[in-house]
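Those protein sequences? They're chains A and B, same order as listed.
To convert, note that position 12 of the first sequence is 11 in numbering that gives the first Met the number 0; the numbers rise steadily by one, no gaps.
To convert, note that position 262 of the second sequence is 261 in numbering that gives the first Met the number 0; the numbers rise steadily by one, no gaps.
To be clear about the criterion: a stretch of chain A counts as covered by chain B if any three or more of its residues have a C-beta under 8 Å from a C-beta of chain B, and this derived list gives those stretches:
#1 4–18
#2 29–36
#3 39–49
#4 59–66
If you anchor each label on the Cβ, the simulated ranges turn out as follows:
#5 A:D73 - B:V474: 36 to 42 Å
#6 A:T1 - B:V392: 48 to 54 Å
#7 B:A373 - A:T1: 37 to 43 Å
#8 B:L238 - A:I49: 19 to 25 Å
#9 B:R428 - A:I17: 17 to 23 Å
#10 B:V163 - A:I53: 38 to 44 Å
#11 A:V40 - B:I242: 24 to 30 Å
#12 A:I17 - B:V163: 43 to 49 Å
#13 B:L4 - A:Y2: 57 to 63 Å
#14 B:V163 - A:K7: 51 to 57 Å
#15 B:R428 - A:E4: 17 to 23 Å
#16 A:V69 - B:G233: 38 to 44 Å
Pairs of lysine to aspartate or glutamate residues, derived as EDC-like cross-links and limited to a Cα-Cα distance of at most 20 Å, are as follows:
#17 B:K427 - A:E4
#18 A:K7 - B:E268
#19 B:K269 - A:D73
Keep in mind the hints are simulated off the structure, nothing from the lab.
C-beta: ideal position from N, C-alpha, C; glycine also.
Single-letter residue listing:
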Amino acid sequence: MTYREKLKQADREARAAIIGLVVTIVVWALLGFGVAQTGIVVFSTPLWVITGCIGTFVCAIVVAIVMAKVVMKDVGFDEDLVSEGEEAKDAR
Amino acid sequence: MQGNLFALIPVILFLVFSLGVAVYVRMRASRGAKGFVSEYFIGSRSMGGFVLAMTTIATYGSVSSFVGGPGQAWLVGWGWVYMATVQVTALFLLFGIMGKKMALVSRKIGAVTVIDVIRARYRSDAVANISAVIIVLFFIAMMVAQFVGGAKLFEAVTGYSYVVGLALFGIVVIIYTTVGGFRGVAITDAICGIAMIVGIVVLAAGILSAGGGFENIMQNIASSNPEMMEPFGGGQMPLGLYITQWLLVGVLTFCLPQSVVRCMGFKDEKSLKNAMVTGTIIIGIMMICVTALGVLAKGVLPGELADYGASVDNIIPQAIISTLPTWLAGIAIIGPIAASISTVSSLLISSSSSIIKDVYLHYHTKRGNDAGDAKIARLTQAFTLFVGALVFVLSIVPPDVIWKINMFAFGGLETGFCWVLVCGLYSKRAHAWGALASMTGGVVVYCAMMAIGFKPFGLHQIVAGISIAFVLMLVGSWLGNRHDEKQGKVAESDEVFFPA
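Next up, chain A with everything else stripped away, as it sits in the complex:
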């Protein structure tokens, strides 16, 4: 894989993270503000508290797993390593 292709892969991962964020925001709003409309209470706790917090949390975990297992591809870092600690400009 060329360095250019590796950067393209990084761009894809960044886009996926943004999509993950949008999904999480929508889920958060539906499971919190949305569920609050129903007024359901379980274990003396309003249902929106459980779904809005734990539900959103589960959604974020799913996003993280999808990112790690599906979106992220190993590109190999080491062949791009220049000697450590050198000034940035010298490496250009």
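For this one, chain A is given, so just place chain B on it according to the hints.
Just chain B now, kept in the frame of chain A:
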């Protein structure tokens, strides 16, 4: 006030252990180290997944997460917990947006700091130097806030004076950061992260048993303060607050320099993937639970705010004292103290790198004066010690509101770095002029609005700050690119950031 030795022992044991581990890993690593700068500032890029996740969380989770946040939740109710849940996005955003890009780019150019990357991208010393100034100023403010928060809590719970607390963990963290470098910081952060979870569990047990169990507490709150059960908290938690908190502690945290630098220090891609999943799980458990404890504390501290010294910062210390026996209270406060020192250590090492590596060393290397490794090592450690001591002295006479300073600094750093990093890494058109305008203009406007208390549309100043910073990035880059074209400068192809 008489101090209680039993509450002190667990804290001292924890601090001594952290110090020992930091010194040990640094000693071991320095035997085979390739060069001082890379080892001291980025730990020779050796972090595995678990340490990467924990150090990022411990740096991000501060004493405000343990004191100010739950205190607000005690006041407002479940709406505050629902809001705090936005923090579950922090790690997948950081590792998703910055993870691979920073790993690739920093290896390509041998960068060990975020400013190295900014300098290389914009080819501008001015942008790099202003970045260093912004980082150091906001970091010092945040470090003071951490010290003050930790020491106040220490005083309230153990009965020993504020200065004793500050001296105890302040000196320990300054020493282990100075000696341990980034590697020491990362490993102690991981220990602190575990201590934070232990602290939460102990306090949860205390509150739940003192309040007669979860359902009992919930029923009491529902009858005495029914508005705490609503998402808008009876008007205390307006939608605008949700939106700004989403930005401040959720969406924009991926561009905080102290988080981004962690994306340059991990070992391989497996570490990144592991950290993304493990980190999201741990940050969710930690932030949701600790904030929920604030609400549940209402079950054991049912009075009005005025009954508890009229400050929400007193709620968690009060809850610890009133629900736990002394020796357990000593274990419970390790959580917030760990949160405090793990944030300070990371900010301290980054401040030091900004001045020594990014300003001083760069200046000398450019002029061809190569200082020897031993000299750089002495200088760097002396400077780390100096900044630590400065923060320590500033904390002795503390400013008033802890969590507000922390939020203020979060907003300032996000305003300063968001577009400089995002546009710099992802758009060819981003120009040094845009970066300069965005960074300085955004931060100046944000701080000015904060100072005079001006909130456009009633929203926190971060909204205006980040919007203005974006516009300035666009306008500045457009002008800069036009200027270059007029001068007949053909845009050079950039082999590092945008290879053809």
